[in-house]
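For the record, the sequence lines run as chains A and B. One point on numbering: in this note's numbering, the residue at position 582 of the first sequence is 582, and numbering is uninterrupted. One point on numbering: in this note's numbering, the residue at position 108 of the second sequence is 108, and numbering is uninterrupted.
Treat the hints with care, since some could be wrong.
Using C-beta positions, here's what the derived DEER-type ranges look like [claimed, not checked]:
no., chain 1, residue 1, chain 2, residue 2, range
1, A, P351, B, D142, 21 to 27 Å
2, B, E148, A, A306, 49 to 55 Å
3, A, K270, B, M260, 37 to 43 Å
4, B, M260, A, P351, 35 to 41 Å
5, B, E225, A, R87, 25 to 31 Å
6, A, A306, B, A82, 43 to 49 Å
7, B, H45, A, G428, 49 to 55 Å
8, A, D417, B, P99, 37 to 43 Å
Computed, partial: chain B to chain A, Cβ under 10 Å [stated by the list, open to error]:
no., residue
9, P12
10, G17
11, S32
12, P113
13, K131
14, M133
15, R137
16, D199
17, F235
18, A239
Everything labelled a hint here was simulated from the structure, so no lab data went into it. Just so you know, these numbers come straight off a predicted model, no measurement behind them. Glycine included, every Cβ here is placed at the ideal spot set by N, Cα and C.
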Amino acid sequence: MIKPVLSNRILMQVEKPARYIGNEVNSIVKDPDQVDIRFAMCFPDVYEIGMSHLGIQIIYEQLNRRKDTWCERVYSPWPDLSEIMKREQIPLFALESQSPVKHFDFLGITLQYELCYTNVLQVLDLSGIPFRAAERSEEDPIVMGGGPCAYNPEPIAPFFDLFYIGESETVMDALMDVYKRARDAGCTRRQILKACTTVSGIYCPLFYEPSYHPDGTLRSFERIHTAGDPDLCEEALSAFRNEEMKDLYERLSSELPEKIVRQISTTLDKDPYPEHPIVPFIKATQDRVVLEIQRGCIRGCRFCQAGMIYRPLRERSLETLKNYAMNMLESSGYEELSLSSLSSSDYRNLPELLDFLITELPGQHVNISLPSLRIDNFSLDVMSKVQDVKKSSLTFAPEAGTQRLRDVINKGITEEDILTGSLAAFKGGWYKVKLYFMLGLPTETDEDRRGIAHLAQKICEVYYDEIPKEDRQGNAVDITVSTSFFVPKPFTPFQWASMQHPSDYLDDARTVKSEVRAMKNQKRIHYKYHDAQGTELEGIMARGDRRVAAVIEYAYRHGALFDSWTDCFHYEIWQEAYEKCGLDVDFYTTRARNDDELFPWDFIDVKVSRQFLLNEWHRATKEQMITPNCRQKCSGCGALSAGEGVCFESKKGGE
Amino acid sequence: MRIRIRFTKRGPVRYVGHLDFMRCFQKGIKKSGLPALYSAGFSPHMLMSFAAPLAIGEETLGDYVDVDFAFRDPYPLSEQEAYRLHDMGLVNEDLPLPPSSAEFLKTLGEAMPEGVEVTDACRVGLIKGSKAMALVRYADYDLLYAPEPDSASKPFEDALSAVDFMNSSTELMIRKKTKKSVRDVDIRPMIVSFSGEKDPSGALRFSLRCASGSSENLKPATVMEVFCEKAGIAFDPYALFVTRRELLNEEMKTLAELGMPF
Numbered sequence: 001m002i003k004p005v006l007s008n009r010i011l012m013q014v015e016k017p018a019r020y021i022g023n024e025v026n027s028i029v030k031d032p033d034q035v036d037i038r039f040a041m042c043f044p045d046v047y048e049i050g051m052s053h054l055g056i057q058i059i060y061e062q063l064n065r066r067k068d069t070w071c072e073r074v075y076s077p078w079p080d081l082s083e084i085m086k087r088e089q090i091p092l093f094a095l096e097s098q099s100p101v102k103h104f105d106f107l108g109i110t111l112q113y114e115l116c117y118t119n120v121l122q123v124l125d126l127s128g129i130p131f132r133a134a135e136r137s138e139e140d141p142i143v144m145g146g147g148p149c150a151y152n153p154e155p156i157a158p159f160f161d162l163f164y165i166g167e168s169e170t171v172m173d174a175l176m177d178v179y180k181r182a183r184d185a186g187c188t189r190r191q192i193l194k195a196c197t198t199v200s201g202i203y204c205p206l207f208y209e210p211s212y213h214p215d216g217t218l219r220s221f222e223r224i225h226t227a228g229d230p231d232l233c234e235e236a237l238s239a240f241r242n243e244e245m246k247d248l249y250e251r252l253s254s255e256l257p258e259k260i261v262r263q264i265s266t267t268l269d270k271d272p273y274p275e276h277p278i279v280p281f282i283k284a285t286q287d288r289v290v291l292e293i294q295r296g297c298i299r300g301c302r303f304c305q306a307g308m309i310y311r312p313l314r315e316r317s318l319e320t321l322k323n324y325a326m327n328m329l330e331s332s333g334y335e336e337l338s339l340s341s342l343s344s345s346d347y348r349n350l351p352e353l354l355d356f357l358i359t360e361l362p363g364q365h366v367n368i369s370l371p372s373l374r375i376d377n378f379s380l381d382v383m384s385k386v387q388d389v390k391k392s393s394l395t396f397a398p399e400a401g402t403q404r405l406r407d408v409i410n411k412g413i414t415e416e417d418i419l420t421g422s423l424a425a426f427k428g429g430w431y432k433v434k435l436y437f438m439l440g441l442p443t444e445t446d447e448d449r450r451g452i453a454h455l456a457q458k459i460c461e462v463y464y465d466e467i468p469k470e471d472r473q474g475n476a477v478d479i480t481v482s483t484s485f486f487v488p489k490p491f492t493p494f495q496w497a498s499m500q501h502p503s504d505y506l507d508d509a510r511t512v513k514s515e516v517r518a519m520k521n522q523k524r525i526h527y528k529y530h531d532a533q534g535t536e537l538e539g540i541m542a543r544g545d546r547r548v549a550a551v552i553e554y555a556y557r558h559g560a561l562f563d564s565w566t567d568c569f570h571y572e573i574w575q576e577a578y579e580k581c582g583l584d585v586d587f588y589t590t591r592a593r594n595d596d597e598l599f600p601w602d603f604i605d606v607k608v609s610r611q612f613l614l615n616e617w618h619r620a621t622k623e624q625m626i627t628p629n630c631r632q633k634c635s636g637c638g639a640l641s642a643g644e645g646v647c648f649e650s651k652k653g654g655e
Numbered sequence: 001m002r003i004r005i006r007f008t009k010r011g012p013v014r015y016v017g018h019l020d021f022m023r024c025f026q027k028g029i030k031k032s033g034l035p036a037l038y039s040a041g042f043s044p045h046m047l048m049s050f051a052a053p054l055a056i057g058e059e060t061l062g063d064y065v066d067v068d069f070a071f072r073d074p075y076p077l078s079e080q081e082a083y084r085l086h087d088m089g090l091v092n093e094d095l096p097l098p099p100s101s102a103e104f105l106k107t108l109g110e111a112m113p114e115g116v117e118v119t120d121a122c123r124v125g126l127i128k129g130s131k132a133m134a135l136v137r138y139a140d141y142d143l144l145y146a147p148e149p150d151s152a153s154k155p156f157e158d159a160l161s162a163v164d165f166m167n168s169s170t171e172l173m174i175r176k177k178t179k180k181s182v183r184d185v186d187i188r189p190m191i192v193s194f195s196g197e198k199d200p201s202g203a204l205r206f207s208l209r210c211a212s213g214s215s216e217n218l219k220p221a222t223v224m225e226v227f228c229e230k231a232g233i234a235f236d237p238y239a240l241f242v243t244r245r246e247l248l249n250e251e252m253k254t255l256a257e258l259g260m261p262f
């Protein structure tokens, strides 16, 4: 049992003190004297959110399998504790050992959404680590970022020593080995970082410099010259020029990679998986066992970053998943299990897997929470087995209100799919439907916006026209329409798209709202939309360059924190930050990009080619053509070079 | 078969609130593989009920939870028990025999988080009004009051005389504020026994037996607040460490004493 580092006085003053005490079932405690590498793995948000994230659990499992490494967890202290820690100068600590992050070898930070960037600075601040990588000393941990937002690392590049581009299952071990080798050989911090860049997929921002055109766009992104570098010049490296250090010398003197290549696992079935998941004391947002059935997606929706950066689709085998499910439930005592993946209906063994989970899973009383499935007779049958039809609702994500716009975004769902799916569900006793849309998509017009209301109305009509009154059991159809605002993301066909001003977004939402109100069954349709201010910030961060870093630092220093929490988001701090740092918001948001503009993230090779993305952008906006999914026809995106996955399934044509 | 489990909650886990703690305990039972019974429906829940909630920050050496297991009850079943089993589609004679209580405690203990030990298990009948929660009338507490040196305005030399004063008082009025009203309450009848001593470190240690449960409930912190007032020292709620030692029924028997061995 590790004693909490926070005093009783502090723990009793803060909300949910159990966030900070560690000691959870299945958390891993090692003897610090018996390990060589201390790794603090951080999710820069509150404990309940961070504990729900599968990626960290995979890394935790993977690193702790190494005898020489102890991986621990770190989450953002909630503002109540954050203030106390700053006032009383208590350094941020890792949960397992309750010891300061400052003394670790690595601080890994997963970047799952752009609005966590001020939380990254909070973690550095409370840890006592300088914000800027260039200002860090030999004693500071190596701060490494990863996750989806690392695919455009530039807005936060100055705060990180390294970025890990790709899946942890691939080169994390190699990276730890190189780090240990370089450190134990007496390398300086800068030399260690240089050695790490010889591991594929590792990006060290200190060694790259952007330059800009007078109009503000990126002119070049170049590697620095190491010849004159005090740590990396020939003279500095002479100490390593001997037989024993040969391997290290080669790393230190090698050329920096021009492109950073995303690392893709081709052995998912053999990779480490958290079969003994940590069981939080307090209820996490996703308080259940998570089974990642597949990685990647065949669909190719043009707005979706995950659909591109996790290509190609790779499935886990049925046997592997059955074993994981049993082991995880047994080792944790959890009574709920959820499946995780993009477009889960595309998992080919889904019927067998669900059948096993529902009927065969040894040890009963396990609730299965289903991912959003394509609504058809199969999924309705499964749903009726695991949830109360009367209480549950159907979910559709048409994303756009008209077929024209759905074709533009390549969302392969038709109005007919939605209406037949709804009808089947209504016949099965469901009467609640949730619909998700985006506003602000490229080429969108008022007709598309009004189309959202019309689609909702048509679903109402299916219910009232097709379900006889005596079969409705007194229930009125209940439709919830939610819209969010579209944010163009790097490495998607829409990375060239322009955004709108926040006020225009709200006008669009009002267009939807008034059209909903004009519908015959408007009382049965509930419309919800998000605030647009966070959208603008997300847009700046998503496609920003290194000049945005100053804005993030300014905003953090002036009180911005937990920006993804509506209650904590202060638009006025950010407006002040844009102004003080001279940031032209429109340059990042509303500006139209030329086809040949060099983007800040173009030095990363995600294995989906820029040419493919550009073709898709043109097919969307000029030709208005849909692109078949990976199982129908290969569109030559480039992911085939990963050597595994859907690209190598025999093509049967059609669905 | 309903089994009453006596458990501890000590160390860091004391910062886990009651609702979350119940969930952890349930996961522990599930993890242990012991065959707990569940309610019917789409979201079945384990048939378990805790005797008394414990506030965040408080430890216990002897709290109780009753859990129903699919074991063959070695004692003759009451009509109610037989009926309930029948409702679940179970027949007592067809169920496996329970392990010895020692084995039961070992299996369960290994699945629990650190700081949670299961110290006792007994069989309890399903008689009306026998639910652990309904039985609790009194609780025993150990209290440690250890303010930081600089916050103690006055040394504790004479403070303990306030204990004698409180014991000899016939009433101890406090002002109780709720959202809606303010009323005066006499807590003296709720205190069964109260004694204190100074420990070598200079902190104060108390033993308290007081009313606890759904009909009348006295918080240890309230007693300490009154004590500090009578002793003329400032009350610092964060300097108070509460350890519950035992839960008792109206005859001042422990809840474990009401069960039968298995």
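Comparing the hints with the structure gives:
The beta-carbon spacing between A/P351 and B/D142, approximately 58 Å, falls outside the hinted interval of 21 to 27 Å. At about 51 Å, the beta-carbon gap between B/E148 and A/A306 stays in the expected band of 49 to 55 Å. A hinted range of 37 to 43 Å is violated for the C-beta pair A/K270 and B/M260, which are about 53 Å apart. Range check, B/M260 to A/P351: Cβ separation about 49 Å, and the 35 to 41 Å hint is violated.
Judged by the Cβ atoms, the range 25 to 31 Å given for B/E225 and A/R87 holds: they are separated by roughly 27 Å. For A/A306 and B/A82, the hinted distance range of 43 to 49 Å is not satisfied, since their beta carbons lie about 56 Å from each other. A hinted range of 49 to 55 Å for the beta carbons of B/H45 and A/G428 is inconsistent with their spacing of about 26 Å. For the hinted restraint 37 to 43 Å between A/D417 and B/P99, the CB-CB distance of approximately 55 Å leaves it violated.
Given hint, B/P12 at the interface with chain A, holds; its Cβ is 4 Å from that chain's nearest Cβ, closer than 10 Å. Interface hint at B/G17: satisfied, since its Cβ lies 7 Å from the closest Cβ of chain A, which is below the 10 Å cut-off. Look at B/S32: its Cβ gets to within about 8 Å of chain A, closer than 10 Å, so that hint holds up. The restraint placing B/P113 at the interface with chain A holds, with a minimum CB-CB distance near 5 Å, inside the 10 Å limit.
Here the hint on B/K131 is broken, as its CB sits about 22 Å from the closest CB of chain A, past 10 Å. Checking B/M133 against chain A: minimum C-beta separation of about 22 Å lies over 10 Å; hint violated. Checking B/R137 against chain A by beta carbon gives a least distance of about 28 Å; that is not within 10 Å, so the hint is violated. Given hint, B/D199 at the interface with chain A, is violated; its Cβ is 17 Å from that chain's nearest Cβ, farther than 10 Å.
Restraint check, B/F235 versus chain A: the minimum CB separation of about 14 Å is more than 10 Å; hint violated. Taking 10 Å as the C-beta contact cut-off toward chain A, the hint placing B/A239 at the interface holds, the least distance being around 8 Å.
Of the numbered hints listed earlier, those contradicted by the structure are 1, 3, 4, 6, 7, 8, 13, 14, 15, 16, 17.
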